[in-house]
Amino acid sequence: MTDLHEHLFRREAGRIVATLTRIFGVENLALAEDVVQDAFCRALEVWPFRGVPENPSAWLMATAKHRALDVLRRECTARTLAPELGRWLESEERLSPAVEELFRAEAIKDDQLRMMFSCCHPRLPEAAQVGLMLHILCGFSVDEVAAAFVSTHAGVEKRLTRAKKVLAESGRLFEIADAADFATRLPAVNRALYLLFNEGYHGASPESAVRVELCREALRLTALLFEHPLGSTPATYALAALMCLHAARLPARLDAAGHLSVLADQDRSRWDPQLMAEGQRLLERSAAGPQLTEYHVEAAIAAVHASASRVDDTNWAQIVSLYDTLMTIRPSPVVALNRAIAVAQRDGPERGLEEIGAIADSHRLATYPFYHAALGELELRRGRSEAAREHFRAALGLARNSMERQFLEQRMEAQVIVRR
Amino acid sequence: MSEFIYLYRSTNEASRAAMGSPEQMQKSMQTWMAWMQQLADQGHIKNPGHPLERAGKLVKGKQRTITDGPYAESKDIIGGYTLIEAKDLAEAVELSKGCPILEGGGVVEVRPVLKTGM
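Residue numbers (my numbering), protein chains in the order written: chain A, 994 to 1413; chain B, 549 to 666.
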């Protein structure tokens, strides 16, 4: 008996729904989801008795294909399906080969891209785009999406229903064959993938397993994108590079006791060498043109960290200058904060605190626990433990999950030890 | 050792509801496989049996009336069967308690295979 590949059903759900939606039309997403469910039920009925098939993905896909043919035959007269299906539905001789063609491996890859681009419809807010991708393409249930975004079931359901409605109203899936349309929407797709990854990397979900999964899914979808001729752009390569270089650090983000560990304290021998090498390779590929995106700069920052085997070997001057560049491309209070922290590393805590004090929109950081934690760290480093304590207390009050809380409590304890 | 048949019975609705999300599906599948594997490892599986299609025909009475399944009269549909070897009915029943179909509100019917004494 073969073992099941981890998250097999979730992943296959995304692939199959994307292909079926191409067949049934975007307004029949629910029908596609039903057919997938049917195919999965069939697997659950058969596999326990006959064992897991040699190629479970192919088995599920083939089963879904047969179900899809059944549905098409049954709905022959109904015009609810995609209009372009009309000509195949005229005769059985045309139907089967046409559906076979749609289930070719290459076609299935393209279907996932079509769905990815469709999810990033300009009428949808970014959060809805990411949620929709996670739900449709990654097979996350409403509850799993809610867990990822630390939201309620009802809230996510509402957002997804609204998003699916926009998708249905768009009338058709995004056509990836049109190079101009592709290029126009690509930045939104890159952005959504970036947000998906960040939700995993920095997000508030208390379950680290959930967050690792989000990072992995973002990487998988990004790879799908840059493997396509139109998607293999410098920006997408840079995005993939930054994901790999950050994901490489995931194993060290939790220390032996399962506590969150800051970059400076991480056991760098636990960084994933394979992902680091892959990130470097992608970063080199991303340098093929004049275009410099925020992904390039963020990947470059991650690469500087990756190249230092000890935190003291970090080239902070280079990191500060990269943050300067990032501030011109995509300025934000969080970027400014990270820049200030790098300045503190280079020039000492006083200079760092000055930089933090000079952040233009610093009020937007007021609810960000790591803003207060950064202030606390820098105050601590210049020996003002009372001020540091206040900042840590503020940070603790804003912690979004038990892991962050534990981490901040630890920093407060460390501070008490310094005082003694 | 005696032989028993496990008949797995469940309603369409119950089995669908038990599936839920793809990730839950995966868990159900893993539980099923693990349960079957455990029975096999302990030497209780004489024949893993077969899953059955949900649809079918009913042929009834002297008139040979033919009706379509799924069967309106019976709430439970037999989804499959397994031939089990166990010491006695009590053991066969005990072993059936691990069947994941029970989690979804389904039923395992444990029936001794009649010994013909030949």
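Possibly wrong hints are sitting among the right ones.
No farther apart than 30 Å at their CA atoms in a straight line, the calculated lysine-lysine pairs in the BS3-like style are these [what the hints assert, rightly or not]:
| no. | chain 1 | residue 1 | chain 2 | residue 2 |
| --- | --- | --- | --- | --- |
| 1 | B | Lys645 | B | Lys575 |
| 2 | B | Lys610 | B | Lys594 |
| 3 | A | Lys1151 | A | Lys1102 |
| 4 | B | Lys605 | B | Lys594 |
| 5 | B | Lys635 | B | Lys608 |
| 6 | A | Lys1102 | A | Lys1158 |
| 7 | A | Lys1157 | B | Lys575 |
| 8 | B | Lys575 | A | Lys1151 |
| 9 | A | Lys1102 | B | Lys575 |
From the structure, some residues in chain A lie toward chain B, with a derived Cβ separation under 7 Å [unchecked claim]:
| no. | residue |
| --- | --- |
| 10 | Phe1033 |
| 11 | Glu1038 |
| 12 | Pro1342 |
| 13 | Gly1350 |
| 14 | Ser1395 |
None of these hints come from the bench; they were simulated from the model.
Note that the structure is predicted; figures quoted are calculated from it, not measured.
Glycine residues also receive a C-beta, built at the ideal position from the N, C-alpha and C atoms.
- For the pair we were handed, Lys1102 (chain A) and Lys1158 (chain A), check the Cα-Cα distance against 30 Å. The hint holds at about 24 Å.
- Pair hint outcome, Lys635 (chain B) versus Lys608 (chain B) [Cα-Cα no greater than 30 Å]: violated, 37 Å
- For the pair supplied as a hint, Lys1102 (chain A) and Lys575 (chain B), is the alpha-carbon distance within the 30 Å limit? The hint holds at about 26 Å.
- Message: A closest beta-carbon separation below 7 Å is what the hint needs, so does Pro1342 (chain A) meet it against chain B?
- Response: violated, 46 Å
- For the pair we were handed, Lys575 (chain B) and Lys1151 (chain A), check the Cα-Cα distance against 30 Å. Holds, at roughly 27 Å.
- Query: For the pair supplied as a hint, Lys1157 (chain A) and Lys575 (chain B), is the alpha-carbon distance within the 30 Å limit?
  - Reply: holds, 27 Å
- Hint validity - Glu1038 (chain A) Cβ closer than 7 Å to any chain B Cβ: holds, 4 Å
- Message: Take the shortest C-beta to C-beta distance between Gly1350 (chain A) and chain B; is it under 7 Å?
- Response: violated, 46 Å
- Is the hint on Phe1033 (chain A) kept, meaning its closest Cβ partner in chain B is under 7 Å away? holds, 5 Å
- Query: Can the hint on Ser1395 (chain A) be confirmed by a CB-to-CB distance to chain B that is less than 7 Å?
  - Reply: violated, 23 Å
- Query: Is Lys610 (chain B) close enough to Lys594 (chain B), meaning Cα to Cα at most 30 Å?
  - Reply: Violated. Lys610 (chain B) to Lys594 (chain B) sits at ~36 Å, over the 30 Å cutoff.
- Hint consistency between Lys1151 (chain A) and Lys1102 (chain A) [alpha-carbon to alpha-carbon, up to 30 Å]: holds, 29 Å
Taken one by one, the earlier hints fail for this structure at numbers 2, 5, 12, 13 and 14, listed in ascending order.
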